[in-house]
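My request is simple: use the sequences and hints to build the entire structure.
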Amino acid sequence: MTTPTSGALAGQPGSEGGVSPWNAVRVALRSQINVFTALLYREAETRHGQSFALGYAAAGVEPLVIVATIGVLFSALSRTPPYGHSLLLFLGTGVFPIYLFIHTSLRIRQPLNTLAHRNRFPIERPLDHLMVHAVLHIVSSAAVAALFFLGLYWFGGVEAAIPYDPLTAIMALFTLFLLGLATGIFNAVLARVVPVWDIVWPAIARASLHFSGPYFVAAYLTPSHRFWFGLNPVMHGVNWFRHAFYPFYPQALTDHFYVLMVALVLFTLGLLFEVGTRRYLEEKE
Amino acid sequence: MIRVDGLSHAYAKGRPIFSELDLIIPTNRRVAILGGTGSGKTTLLNLLAGIESPQSGRIERNAHLSFPGGFQRGFRQTSTMRQNAMFAARIYGADPDEVVEFLSEVCLMQDELEFPLRELSVQTRIAFSYLLTYTLPFDCYLFDNVIGPPQPEVRELCARLYAARSAEAGTILATRQPRLAEQYCDCAIVLGQGGARFYDTIADALAVFDSAPQPAAAAAGEAADEAATNPETQGAALAEGAASA
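As you go down the protein sequences, you meet chains A and B in turn.
Position 47 (the first sequence) corresponds to 46 in numbering that gives the first Met the number 0; numbering is contiguous.
Position 77 (the second sequence) corresponds to 76 in numbering that gives the first Met the number 0; numbering is contiguous.
Everything labelled a hint here was simulated from the structure, so no lab data went into it.
Heads up, some of the hints might be wrong.
[Stated by the list, open to error] Label pairs and their computed distance ranges (CB to CB):
(1) A/Val60 <-> B/Leu112: 19 to 29 Å
(2) B/Pro149 <-> A/Ser207: 50 to 60 Å
(3) A/Glu44 <-> B/Asp203: 49 to 59 Å
(4) A/Thr267 <-> B/Pro177: 44 to 54 Å
(5) B/Glu181 <-> A/Trp21: 35 to 45 Å
(6) B/Pro149 <-> A/Ala43: 31 to 41 Å
(7) B/Glu181 <-> A/Pro201: 35 to 45 Å
(8) A/Gln31 <-> B/Gly5: 25 to 35 Å
(9) A/Val192 <-> B/Asp4: 47 to 57 Å
(10) A/Val192 <-> B/Ala202: 49 to 59 Å
(11) A/Ala115 <-> B/Val145: 21 to 31 Å
(12) B/Glu19 <-> A/Ser207: 48 to 58 Å
(13) A/Gln109 <-> B/Glu19: 18 to 28 Å
Note that the Cβ used here is the ideal one computed from N, Cα and C, for glycine as well.
Printed below as a string of structure tokens:
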């Protein structure tokens, strides 16, 4: 009986008996790449039980709906845009980065949750899943944001929708993505020990939209309010992002260092707890 | 070869299963892990497979080890058998097309391939999980007490696949049945009292395993063992222990 052998890691020189360090590294790397690509294929194939495009489109619709509703509301109240000429652009530059944070922090819980941990082959490690979800999420979010801002430019005729400083835009979004990633890891690990957190966090995350300044300019707040809003790292990220579109956007509450530090601290704590709670999960089974 | 170094393991509620275990397990032979109920053979197998992580100590795997035969937790019930097989093939570095072809032509699963797993019968899923284990190429295959599902025709196929695979690769079979060890293995590790010893032939291992205080004298001890791993009966066992003392 001939059994499949090709392309396998089994039976490779170095996989048996005496192992040179270089071979061990090679085999480990190859196995890591195998796991990563296999997961990428599978996760990209289906999303929310739907086909690829439909599942991702569904996730992208949410920020669009928020921008549209607030836009309609503000127009009905015949309010002028809080800053700049285009109301939709101002709302978009707030809502998209905030949703990048919210959706990242929600999505990253998936690969780390208790049930997912159980339903895996032993070769799949939590961090493999984390990386795959992060990569897919950043690609899909970038696509939705690009569609919105390009759409505003082409069909809305808003020239400012193309950032005059694209590097700042990318840096701000990437920082918010990191913050979302760190928050997601931290929350997922917290939910392993306190399961109800999985229900509480989405509510907090969605409510945080209103505290992160999508429809007001932070600099125009009174100093005492500004202090409290300034504690929210997402607010700083949003202002950072707006600097890419509005050359003279006020500098208040744009502390790059603060956002990065919060992200870094949460990231470190999250990963430490992740490793620390693995055995706890195994024993719960 | 697998090198186990200073391995200690215990579940939160219960006595330690291993303490400071050192062991070298060949991965190119057919190895039995012999042990009574509660001696930790399944735990050891899970630790080797990487399903559980040791409390302390390390396990150095110098071979490409399989998951325990018939492992189903990696499957997605909403995906078809083909999708699951291809995923497993990719993740373990095999050629997905070759794996699917083998499953449909040699394992005769072609009628079930396109169905989501949740629409298939439990027996079919179990059969699939064992056949997939043999289909994927590994250096060493791990099994917990059985080498195939109970249905006679699939079991017969699994026995043939076991023979084919173990001709080239190693196997590790955890069992407490001497008959199985004799039938499918050439050498053995005997577990007992938190320690383990390797024997070069099955006969030597069975001599020690059979003469170990197993059936009669250890009955009370065995009950205590069971109780230690199962907190609900702990009280009862303690009472029993007190009575026998």
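Do the hints match the structure? See the list:
One distance hint, 19 to 29 Å for the beta-carbon pair valine 60 of chain A and leucine 112 of chain B, is violated here, with the actual separation near 35 Å. Checked against the given bound of 50 to 60 Å, the beta carbons of proline 149 of chain B and serine 207 of chain A, roughly 54 Å apart, stay inside it. For the pair glutamate 44 of chain A and aspartate 203 of chain B, the beta carbons lie near 51 Å from each other, so the given range of 49 to 59 Å is met. Taken as a hint, the range 44 to 54 Å holds for the pair threonine 267 of chain A and proline 177 of chain B, whose Cβ atoms sit roughly 52 Å apart.
Under the hint 35 to 45 Å, the C-beta atoms of glutamate 181 of chain B and tryptophan 21 of chain A, about 41 Å apart, fit the expected range. At roughly 38 Å, the beta carbons of proline 149 of chain B and alanine 43 of chain A sit within the given window of 31 to 41 Å. Separation of glutamate 181 of chain B from proline 201 of chain A is about 57 Å and departs from the stated range, judged on CB atoms against 35 to 45 Å. Between glutamine 31 of chain A and glycine 5 of chain B the CB atoms are about 27 Å apart, so this pair conforms to the stated range of 25 to 35 Å.
For the pair valine 192 of chain A and aspartate 4 of chain B, the supplied restraint of 47 to 57 Å is violated, since their beta-carbon distance comes to about 30 Å. Between valine 192 of chain A and alanine 202 of chain B the C-beta distance comes to about 50 Å, which sits within the given range of 49 to 59 Å. A hinted range of 21 to 31 Å for the beta carbons of alanine 115 of chain A and valine 145 of chain B is consistent with their spacing of about 27 Å. For glutamate 19 of chain B paired with serine 207 of chain A, a C-beta distance near 50 Å keeps the hint of 48 to 58 Å intact.
Range check, glutamine 109 of chain A to glutamate 19 of chain B: about 39 Å between beta-carbon atoms, so the 18 to 28 Å window is missed.
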